[in-house]
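Since the structure of chain A is already known, use the hints to place chains B and C on it.
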Amino acid sequence: MRIPGSMLFSSRYRLLQKRLHPITKEWGLTFYVLRHSMLAVVGGLIALAFLLIALFGSMLAPYDPISANIQDRFQPPSASHPLGTDTMGRDVMSRMLAGAQHSIKAGLIVLAIAVPLGVLLGGIAGLFGGWIDEVIMRVTDMFLAFPSLVLAMAFSAALGPSLFNAMIALSVVWWPMYARLVRGQALAVRETSYVEAARSRGASNWHIMFKHILPNCLSPILVTLTLDMGWVITAAASLSFLGFGAQPPIPEWGRMVSDGRIYMLRAWWMSVFPGLGIVLVVLGFNLLGDGIRDSLDPKLRRLTEVTWKREKTSSSSTD
Amino acid sequence: MRLSTYILRRVAMLVPVLLGVLVLIFVIAYVIPADPARAWAGPRARAEQVQALEERYHLNDPIYTQIGIYLKNVFLHFDLGVSPTTGRPVRDDLKAFFPATFELAMCAFFLAIALGIPLGVISALRRNRPTDHFSRVIALTGVSTPLFWSALLLQFLFYYKLGWLPAMGRSTIDITRYTGFVLIDSVLNWNWTAFGDAAIHMILPAATLAFYSMGYLVRITRGSMLEVLEAEYVITARAKGLPRKIVIYRHALKNAIIPPLTVLGVEFGWLLGGTVLLETIFAWPGMGRYAAGSIVMVDLPAVVGYTLVVAMIMLLSNLVVDILYSVIDPRIRVGGKRR
Amino acid sequence: MEARENLLVVDRLKTQFFTYGGVVEALDEVSFEIERGEIFGLVGESGCGKSVTATSILGLVAKPGKIVSGRVLLDGENLVGKSEQEMNRVRGSRIAMIFQDPTSSLNPLFRIGYQVAEPYIYHQRRAKRQALKDATGILAKTGLPDAVEKSRNYPHELSGGMRQRAMIAMSLTCEPDLLIADEPTTNLDVTIGRQILDLVKDLQREFGASVLWITHDMAVVAQMCDRVGVMYAGTIVEKTDVRTLFRNAKHPYTERLLRAIPSAVKSADKLEEIPGSVPQLIHPPTGCRFHPRCDHVMEICSRVKPLEQEVEPGHTVACHLFGREREGT
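Sequence lines, in order, name chains A, B and C.
Under our numbering, the residue at position 246 of the first sequence is numbered 246, and the numbers go up by one with no gaps.
Under our numbering, the residue at position 68 of the second sequence is numbered 68, and the numbers go up by one with no gaps.
Under our numbering, the residue at position 36 of the third sequence is numbered 36, and the numbers go up by one with no gaps.
The following block holds chain A by itself, in its conformation from the complex (with noise of 0.2 Å):
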């Protein structure tokens, strides 16, 4: 990426910027490709609009989430409460503010967990091969048969239900994903000449692995990941929704769903609304991670790199 050389003239930041030219030095055409996708555009926009809303909705509320305001139940869509009013008389839209941190606290839990983990299992399988391999690809096995729902479901049951809790467990049985992701890039970098050479170089095999196979994976992580927090959203809500998530009074999106179900003849906008929430961010999450992959097709970036590239020069600022 160009950074202007008259902002930053420290040695170190060199030095760092080097170090991690192999990583970022085709971002720039990352990025650049994206920006154009109107498509991964709206989606990184989606994206972006629901981590403000998860950051400040509960501010950004003009009703009171949380107590009861009786007389005003029921309300349907109008001027002062846009989304309507549920059975206790909360304002829908305010609810869904402040719910929306709900639904991404899922979505990091689960992926804070689960990604490392599946990360390091696969690097180490695909790395080291032989019976490492098989036995961690077995246990991945063991992992992906699980049905995540019930496990999550029992989690929650035992310990007590919470978004929480459900989130732990759905993380212990999304990390195979990742693991075989890795490993399917470890085993292909494994036998390059890079890795050779630097090998014979006495590479300690944790080198290999940071520097060779993981910078590798980045791409089609991130493209996971992004696709993955649509998934996750809608896990906890799934799981919310029939009870085992997040509890009342938390208006977490698919618990909102769930209590309005009973009143769908009466009022309808207490489900549809925050579902349609729910469809609107997971939308977004899954067009900003196809965004992300496209522009990491070899061909489309090839194609667009001679009009970045002219764009570049043409503009660029003298270091």
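Keep in mind that the hints were calculated from the coordinates and are not lab data.
Mixed in with the good hints, there may be bad ones.
[As the list claims (entries may be wrong)] One side only, chain B facing chain C, incomplete, derived with CB under 10 Å: (1) 156; (2) 231; (3) 234; (4) 254.
Note that the structure is predicted; figures quoted are calculated from it, not measured.
Here a beta-carbon is modelled for each residue, glycine too, at the ideal position from N, C-alpha and C.
What follows is chains B and C alone, placed relative to chain A:
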């Protein structure tokens, strides 16, 4: 290696994995601090009753004993234990509820495949034309919509508002059960009213499940087909002057179908998971609802039994997919290693 | 002038790719002729448009490319603009093509016997069983040992050389008038490559076909070709018979190309590089496309595109050093 050797190897692999699943769930059940016996006995139980339950279910034994007893029962007697909440053998309960879930999953599965793969292929062939955009939108929406919400909406639309389809249950007409699969049984009974009744009840839940699954399949098939259409062997086929249909449907499609195929195994497993949600919403008398109920009651034998059955089904479906894969792609057989 | 008749005439062929980044002018009025029974070489560096020429002849230009103007005359018939159905009758039967990488050019899921038999089935309406037998026959002709067994093999079970023989067999099934060979030996070992070269030469003689041989290797040109066209950045810069090319090349690019290969250079001289790099064809150089790298560049070279001039019978060069100035883009 030969196909039969490959199959045998894969089947042999099933056993340790299944064992692993069992051990895993036992460990989890053991690790979770809960007092199941108390929950089973009820809030007004006396201490001796609770104790009796604990004895009966070996809850106080060390974990390896528990696992050992369970394994022995399962593999030697096909006994999955007795459910402390229903009082019936878990095996009987599961047997009763299994067909409903399986039938639902299969219907959704075939619906998703029948719609998803052709749509993906057409999408790739008519790239960037209206048909392509249309199917991509549908696919994307399908993948982004949570099951429980679409189920609710469809129920609302087709039952409450339009009154076309029933919202709950599996069938309202009684027939002699031969297989437990209502669609098949009604045909065997030669009772076409019953068949129609069962089919009508099946539409909403199966369609909901299929909608999601289909989205995924369309995306994968489209992507794979696009890739294959640019492959060099396709150019060769065209350079040979082969008719367009042959190039697309024989040379290209056979290669393109491989990624979707590998995904099918996972998809089926996912469908099974989805049935838990759907059965709750549609009051479908299947395993999923049974499991959900059992979890709340901390009915360990039932939950373990359910997990075992589902894991088994998933492993088997993956196996079938792998075998199909090796039948289609001769390169796999030689290596023998799964990538 | 020509004693033999022309089988293929490529007349001012212009192919462009309409990409996201701009229009790539891959072929800029390429013209050449191939006589019956001769081996015509198309030589040039990577990216100069040799393969695009081949695919343009067959009407197989990959999207987003298309033939913008020009004609391709096969026995007088213009192939440009024919319908897909009509072209399918030409492809594989009158014009056949073999590709550079036999590994990726063969369908991994079908046995090679079947793939070789396909032209028999679809062009000559032979029954499947008969076609497979005939396929084995022609495979044997290409020197594939144990053709009967091997024809039941899948591509990944064979070596590179065997796969290329299979490809050659596949192309010869319908006894085409023209065989286009797109760098078939580039990916093979040197010894195997030589065998393939000899094989093609033998078969060509036997079947009497013309060959369009595409390569970047001047040594191969010397071995195989009767006449040669030198391509640079989508244009033909020089065209003559092979002897004259090596002895009396006129175009600056050809000269440098000859100086850059070992076999044409005496042991005392160094191998020379051609300074600069192959131009981007999205914005190709104005006038003569080689002018930025040319030693003999003149003022006119950057303005006006040089047309082909005949400097001696059967020898044309596109360079302002030879010939009168003409207006053009």
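Hint check results:
1. 156: Where the cut-off is 10 Å and the nearest Cβ of chain C is about 44 Å from residue 156/B, the hint is violated.
2. 231: Hint on residue 231/B: holds, closest Cβ of chain C at ~7 Å, below 10 Å.
3. 234: Hint holds; residue 234/B Cβ to chain C Cβ min 8 Å, cut 10 Å.
4. 254: holds (5 Å)
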